[in-house]
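Protein sequence lines, in the order shown, are assigned to chains V and G. At position 33 of the first sequence (counting the first as 1) the number is 33 in full-length UniProt numbering, and the numbers step up by one without a gap. At position 45 of the second sequence (counting the first as 1) the number is 45 in full-length UniProt numbering, and the numbers step up by one without a gap.
Treat the hints as calculated values from the structure; they're not laboratory data. Cβ atoms here follow ideal geometry from the backbone N, Cα and C, with glycine treated the same way. There could be a bad hint or two in this list.
Just the calculated beta-carbon pair ranges, DEER-fashion [as the list claims (entries may be wrong)]:
#: 1; chain 1: V; residue 1: Arg68; chain 2: G; residue 2: Glu32; range: 27 to 33 Å
#: 2; chain 1: G; residue 1: Thr101; chain 2: V; residue 2: Val66; range: 23 to 29 Å
#: 3; chain 1: G; residue 1: Gln30; chain 2: V; residue 2: Ser44; range: 33 to 39 Å
#: 4; chain 1: G; residue 1: Pro136; chain 2: V; residue 2: Arg112; range: 20 to 26 Å
#: 5; chain 1: G; residue 1: Lys110; chain 2: V; residue 2: Pro136; range: 28 to 34 Å
#: 6; chain 1: G; residue 1: Glu90; chain 2: V; residue 2: Lys93; range: 25 to 31 Å
#: 7; chain 1: V; residue 1: Pro136; chain 2: G; residue 2: Lys93; range: 49 to 55 Å
#: 8; chain 1: G; residue 1: Gln69; chain 2: V; residue 2: Gln30; range: 44 to 50 Å
#: 9; chain 1: G; residue 1: Phe102; chain 2: V; residue 2: Glu123; range: 16 to 22 Å
#: 10; chain 1: G; residue 1: Pro122; chain 2: V; residue 2: Thr101; range: 33 to 39 Å
#: 11; chain 1: G; residue 1: Glu32; chain 2: V; residue 2: Ile133; range: 19 to 25 Å
#: 12; chain 1: V; residue 1: Lys93; chain 2: G; residue 2: Gln129; range: 16 to 22 Å
#: 13; chain 1: G; residue 1: Ile133; chain 2: V; residue 2: Arg61; range: 17 to 23 Å
Number of protein chains: 2
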Amino acid sequence: MDKFMRAAIDEAIKGKEEGGIPIGSVIVYQNEIIGRGHNRRVQSGSPILHGEMDAFENAGRRSASVYRQCTLYTTLSPCSMCSGAILLYEIPKIIIGENQTFIGEEQLLKRRGVELEVLQDPECIQLMQDFIIESPELWNEDIGTE
Amino acid sequence: MDKFMRAAIDEAIKGKEEGGIPIGSVIVYQNEIIGRGHNRRVQSGSPILHGEMDAFENAGRRSASVYRQCTLYTTLSPCSMCSGAILLYEIPKIIIGENQTFIGEEQLLKRRGVELEVLQDPECIQLMQDFIIESPELWNEDIGTE
Chain V
1 MDKFMRAAID EAIKGKEEGG IPIGSVIVYQ NEIIGRGHNR RVQSGSPILH GEMDAFENAG
61 RRSASVYRQC TLYTTLSPCS MCSGAILLYE IPKIIIGENQ TFIGEEQLLK RRGVELEVLQ
121 DPECIQLMQD FIIESPELWN EDIGTE
Chain G
1 MDKFMRAAID EAIKGKEEGG IPIGSVIVYQ NEIIGRGHNR RVQSGSPILH GEMDAFENAG
61 RRSASVYRQC TLYTTLSPCS MCSGAILLYE IPKIIIGENQ TFIGEEQLLK RRGVELEVLQ
121 DPECIQLMQD FIIESPELWN EDIGTE
């Protein structure tokens, strides 16, 4: 497996081990990870720290010229908020672990010229399937549904 | 002036006084502010804590049924990221201080059924005009442009 998707999955597993939602993300610039993160709704009581947002936060302040050469890896199809951050910073390429358990704003991203690749990775799918069965209320809270 | 837009402007002024970007926001539920915030790019070195995002963060974890009855007040037209958070949590109504110095994802929000009201408030416009003249590089960083 691509080492960067492996790193994103490792972040998701770290989140799970902390009792959180198992979604992870890394941001890669010039073949190096500049930001990594995982969903922190449970751990930090945060409604905004999805995996992708946590990776952006941990990458810190970067110039537009850096963001425009980055690839973002995420274990799950990015929701509206995370897709909005991707559009704000004009990240050109997103590698998505899977979109079978949840599909975010992929059509919007594509229309705006973002390149998407969906791996349908069995480990990513299993992590989310197990989590949704175990904690449906927490999952619904995270995606803003009842 | 509406007391909630006044509170959002007060947040923007607080941000300015801290040496930050003067954009503020409050989230109102049943006629009470449940979250308030301002842009913290400078103060926290954060690329994700725009005014609206900081207000979401400070509102903490809320159920979908609460978000769907909220109004978000923001001193400036919301960017892609903040608009994405608004869509994720299905905030039905946004009151915008001004969209003369920057226009965000208003068309997308409208297409998705969000009600928008733009006040073109002179104080909001002045805050941003002064800031953009004083700190153009910081402003460009915040909106992901060169």
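Hints and how they fare:
Distance hint for Arg68 of chain V and Glu32 of chain G: a CB-CB separation of about 41 Å, inconsistent with the stated range 27 to 33 Å. Between Thr101 of chain G and Val66 of chain V the C-beta distance comes to about 25 Å, which sits within the given range of 23 to 29 Å. The given range of 33 to 39 Å is broken by Gln30 of chain G and Ser44 of chain V, whose C-beta atoms sit roughly 26 Å from each other. A hinted range of 20 to 26 Å for the beta carbons of Pro136 of chain G and Arg112 of chain V is consistent with their spacing of about 25 Å.
Under the hint 28 to 34 Å, the C-beta atoms of Lys110 of chain G and Pro136 of chain V, about 32 Å apart, fit the expected range. Between Glu90 of chain G and Lys93 of chain V the Cβ separation comes to about 29 Å, which falls inside the hinted range of 25 to 31 Å. In this structure the supplied range 49 to 55 Å is violated for Pro136 of chain V paired with Lys93 of chain G, their Cβ-Cβ distance being about 29 Å. Restraint check, Gln69 of chain G to Gln30 of chain V: a C-beta distance of roughly 46 Å satisfies the suggested window 44 to 50 Å.
Take Phe102 of chain G and Glu123 of chain V: their Cβ atoms lie about 41 Å apart, and the range 16 to 22 Å is violated. The beta-carbon spacing between Pro122 of chain G and Thr101 of chain V, approximately 48 Å, falls outside the hinted interval of 33 to 39 Å. Taking the beta carbon of each, Glu32 of chain G and Ile133 of chain V are about 36 Å apart, not inside 19 to 25 Å as hinted. Between Lys93 of chain V and Gln129 of chain G the Cβ separation comes to about 36 Å, which falls outside the hinted range of 16 to 22 Å.
Between Ile133 of chain G and Arg61 of chain V the beta carbon distance is about 21 Å. The supplied range of 17 to 23 Å therefore holds.
Against the hints set out earlier in the document, violations occur for numbers 1, 3, 7, 9, 10, 11 and 12.
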